[in-house]
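The letter at position 163 of the sequence shown is residue 163 when you use full-length UniProt numbering, and the numbering goes up by one with no holes.
Calculated directly from the structure, the hints in this document are not laboratory data.
Since we're looking at a predicted model, the values are computed, not measured.
We treat Cβ as the ideally placed atom computed from N, Cα and C, and that holds for glycine.
Careful: at least some of the hints might be erroneous.
EDC-like, lysine to aspartate or glutamate: derived pairs with alpha carbons at most 16 Å apart [what the hints assert, rightly or not]:
1. 93 with 9
2. 310 with 251
3. 310 with 130
4. 176 with 57
5. 307 with 278
6. 54 with 189
7. 2 with 40
8. 136 with 327
9. 2 with 189
10. 93 with 13
11. 255 with 189
Label pairs and their computed distance ranges (CB to CB) [unchecked claim]:
12. 15 with 125: 44 to 52 Å
13. 61 with 276: 17 to 25 Å
14. 212 with 276: 24 to 32 Å
15. 9 with 303: 46 to 54 Å
16. 34 with 212: 19 to 27 Å
17. 90 with 297: 49 to 57 Å
18. 303 with 255: 30 to 38 Å
19. 303 with 102: 37 to 45 Å
20. 50 with 290: 36 to 44 Å
21. 47 with 252: 38 to 46 Å
22. 293 with 224: 42 to 50 Å
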Amino acid sequence: NKEAFVYNELLKEYAKFEDWKKIPQDLRFNNYPTCLATGEGFLIVTDMCNQGFKMHDPSKKLDLNHVALAFKMLGHFHALGYAIKYQKPDLLKTFLKPLEDKYFGEPVNKGLYDYIKVMFRHSADTLDKDEEARSKIINISQKLDVIIPRMMTCADAEPYAVITHGDFWRNNIMYKYQNGDPKSACLLDYQMCRYASPALDLAYFIFCCTDKSFRDSNYTQVLKIYYESLSTHLHYLGLDALSVLPYQELERHMKQFGLYGVVIASLILKSESLDDSESFDLDQVADILRRNEDMGTLLKCSDKSWKIFKNRMGSVLRDANRLGMLD
1 NKEAFVYNEL LKEYAKFEDW KKIPQDLRFN NYPTCLATGE GFLIVTDMCN QGFKMHDPSK
61 KLDLNHVALA FKMLGHFHAL GYAIKYQKPD LLKTFLKPLE DKYFGEPVNK GLYDYIKVMF
121 RHSADTLDKD EEARSKIINI SQKLDVIIPR MMTCADAEPY AVITHGDFWR NNIMYKYQNG
181 DPKSACLLDY QMCRYASPAL DLAYFIFCCT DKSFRDSNYT QVLKIYYESL STHLHYLGLD
241 ALSVLPYQEL ERHMKQFGLY GVVIASLILK SESLDDSESF DLDQVADILR RNEDMGTLLK
301 CSDKSWKIFK NRMGSVLRDA NRLGMLD
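Sequences are here, hints too, so could you generate the full structure?
And the structure:
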């Protein structure tokens, strides 16, 4: 169980590393629940609600305060991964096997990728007036079972690969508020952690959790907020961000690996656009795959749901194209 490994081994090693570096308590990475017990198929962690944390209202858009707090937390998490990589490389090696991607990586799960290809190809239909981006999406959709597993290996990401969260989006972040403003954040659900490009976490969140107006106004700003946090915590840990991950390399990684966030958005935004009577879960997808049925049934939805999906996904694809992520 990967998540049990993260709680029982990885996060404990991060805490020991901060002890070794004599990091003051208020500057430590403690943005996660305490794990109380693990076993075959279960994990018991502290209830963060009792500590005043709560989920952001899913019916409301995330504003810059919420995203900034999430990205500062992510910068801190990645900084610890880089510090271990540079200062305790033998320890990092012991993490790599347990963190291998068994979901999107090799060997390719054909059924899963058939589903992803269908959903991503479907997203091209949101681009009725943008033939250039549309043809790129259709072309990419046919090769996703090669492109995505390759992104899951660290080969193309080095020398900038790091331990990533892997499932970094609003449903896995809780906030603590003071006078209505978010003051601290807590990161949950570590079962998709993997050693890969830091851009995977960033692009996943940006395309699945923000809308076009937010990206138009804040895309560069939130990347800089992330980078500033990464730089600050690397400095505390005795490293220089300019040699660990220069900002230009982060921008290059966003272009090279940002497609991952766009693909995940084609699944999440579709699901979020459906009303309760239309929604489906991964168990239903698995049933369709098992029975070898037409996955077209997953694409059907009301005009209202399609309009919501078309608006949200269409803007994601146009932004990704503008940012050079579909080339």
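Hint-by-hint comparison with the structure:
no.: 1; hint: 93 with 9; verdict: 13 Å, holds
no.: 2; hint: 310 with 251; verdict: 27 Å, violated
no.: 3; hint: 310 with 130; verdict: 13 Å, holds
no.: 4; hint: 176 with 57; verdict: 13 Å, holds
no.: 5; hint: 307 with 278; verdict: 14 Å, holds
no.: 6; hint: 54 with 189; verdict: 15 Å, holds
no.: 7; hint: 2 with 40; verdict: 12 Å, holds
no.: 8; hint: 136 with 327; verdict: 8 Å, holds
no.: 9; hint: 2 with 189; verdict: 10 Å, holds
no.: 10; hint: 93 with 13; verdict: 13 Å, holds
no.: 11; hint: 255 with 189; verdict: 26 Å, violated
no.: 12; hint: 15 with 125: 44 to 52 Å; verdict: 48 Å, holds
no.: 13; hint: 61 with 276: 17 to 25 Å; verdict: 21 Å, holds
no.: 14; hint: 212 with 276: 24 to 32 Å; verdict: 26 Å, holds
no.: 15; hint: 9 with 303: 46 to 54 Å; verdict: 50 Å, holds
no.: 16; hint: 34 with 212: 19 to 27 Å; verdict: 38 Å, violated
no.: 17; hint: 90 with 297: 49 to 57 Å; verdict: 50 Å, holds
no.: 18; hint: 303 with 255: 30 to 38 Å; verdict: 35 Å, holds
no.: 19; hint: 303 with 102: 37 to 45 Å; verdict: 39 Å, holds
no.: 20; hint: 50 with 290: 36 to 44 Å; verdict: 41 Å, holds
no.: 21; hint: 47 with 252: 38 to 46 Å; verdict: 41 Å, holds
no.: 22; hint: 293 with 224: 42 to 50 Å; verdict: 47 Å, holds
Hint violations for this structure: numbers 2, 11, 16, all remaining hints satisfied.
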